[in-house]
Amino acid sequence: MDLAPLWLSLQVAGLATALMLPFGLLAAWWLGQGRGFPGKSLIETLFTLPLVLPPTVVGYALLLLFGQGTAVGRWLNETAHVRLLFTWQGASVAAAVMAFPLFVRTASAAFAAVDRELLEAGRTLGASEFDLWRQVTIPLAYRGLLAALALGFARALGEFGATLMVAGSIPGRTQTLPLALYASVQAGHDPDALVYTLLLTLLAFGLLGTLGAWQTQITRSRGDR
Amino acid sequence: MRKKWYCWVLSAFALILTQQMRADELLVSAAASLTDALNEIGKAYTAVHPQTTVRFNFGASGALQQQIALGAPVDVFCSASPKEMDALQKAGKIEAVGRINFTGNRLVLIAPKKGRLTGWNDLKSPAIRRIALSNPDSVPSGRYAQETLTKRGLWEAAKAKAVFGENVRQTLTYVANGDAETGIVFKTDALHETGKVRIVSEATSGKDHTPILYPAAVVTQAPNHAAAVRFVAFLQSSAVRKILLRYGFAPLTSGK
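Those protein sequences? They're chains A and B, same order as listed. Using the working numbering, the first residue of the first sequence is number 1, and each one after it goes up by one. Using the working numbering, the first residue of the second sequence is number 1001, and each one after it goes up by one.
One or more of the hints may lead you astray.
Estimated spans, in silico, between C-beta atoms of each pair [as the list claims (entries may be wrong)]:
(1) B:Thr1053 to A:Ala71: 30 to 40 Å
(2) B:Lys1242 to A:Arg74: 38 to 48 Å
(3) A:Glu129 to B:Thr1053: 25 to 35 Å
(4) A:Ile43 to B:Cys1007: 41 to 51 Å
These are calculated hints, taken from the structure and not from any lab test. We put the beta carbon where it would ideally sit given N, CA and C, even for glycine.
Just chain A, same shape as in the assembly (with noise of 0.2 Å):
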């Protein structure tokens, strides 16, 4: 039994997380502070696209921008030289693009419900944005945000179509949990199909599960004070 492909997966979303984390922050908190501006709409609907596009749209998209059939691609390969065809790194992009909306619809709840007058308050003595920023919004939306970085985390570890497109399913380089349980179903190894099977669902469930826990146990200590 080959546990390569687990440490993979969890190196893939790990870094996904990582690269999604920064822009889906300030798409989230851009989304989420409720001003209306035009084309507000069309801006979540593009960034909502992911989620309900099946993922090997998206993964034909990427594998059209990363080859060498675009500008972008030859850029990224020939001057940049990122490889991101084939590379567990692509991977980790593919998965990012995916998890990236549903962390940013969560995270902007989270955003959008952090008291206004609060900030105001804040800007009447004088902190920057970046302060408030740090010091009211974070610490008040945080939990959302937590929730919402472990449900990207999550849809990064369990992605399959979109990587499958992009960095193929390379034994010990790019084959991820759900990739290897595939192959495994391909190749009629019906024994390890059901351990992985099991160890995503295990990790998925432990993922989601200390998550709720958490919560739960921060409301209460909440609630006693």
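Knowing the structure of chain A, use the given hints to seat chain B on it.
Frame of chain A; chain B shown alone:
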């Protein structure tokens, strides 16, 4: 403070993303039906060329074709049918020189171990209610099955009872679990489930259907061209032929 934070994150990403690998590595994209046989062939190759690490990317031939067409850094392509290889050759993505057919396969009619099926003509019988076939539009084994059934005048009758699998493994499972009374798959796949299915009859290659061939070729933009050429040549060695035979693949008759 703010700038520093950005710099750290950006340089960390840059470092991770530009990380390089590949000393003497050979990457072979191959049809999923070749998984077990090729894993063993890879080991045999490494035994002869210990300096080379062979890695495989297994998948559906059509998807592998797309990846290579778009510039994935693959060295060798082993397809489950000539169709995908022809398309890549036309686009100049694989080298026509040195392209080979390295093995073949047979199409078989299967039934659950305890099923009563005796031959092709039973497909018309009312006792047979479901026939597991692979989707002829997207799966090679389905295409060959359609050719065979058409040739034997059974296609219309079979189509009405068919349940279509999206890959040969799914088709096999329908029969192995007894959800279909019969099905048509590749012989190599049927041999995977000898505990649950039995082979009732083998279609005649060349007569019932066009011969089932597995082509291999060097990818034009192969990062490790020298090893790619060596590997394709190795596929024709007698050691490889023995391995393929053991997994149920059919030796090529000369001229085919």
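How the hints compare with the structure:
One distance hint, 30 to 40 Å for the beta-carbon pair threonine 1053 of chain B and alanine 71 of chain A, holds here, with the actual separation near 33 Å. Roughly 44 Å separates the CB atoms of lysine 1242 of chain B and arginine 74 of chain A, a value that falls within the hinted 38 to 48 Å. Against the hinted window of 25 to 35 Å, the Cβ-Cβ separation of glutamate 129 of chain A and threonine 1053 of chain B comes to about 52 Å, which falls outside the hint. In this structure, isoleucine 43 of chain A and cysteine 1007 of chain B break the distance hint of 41 to 51 Å, their C-beta atoms being roughly 28 Å apart.
Of the hints listed earlier, those the structure fails to meet are numbers 3, 4, in rising order.
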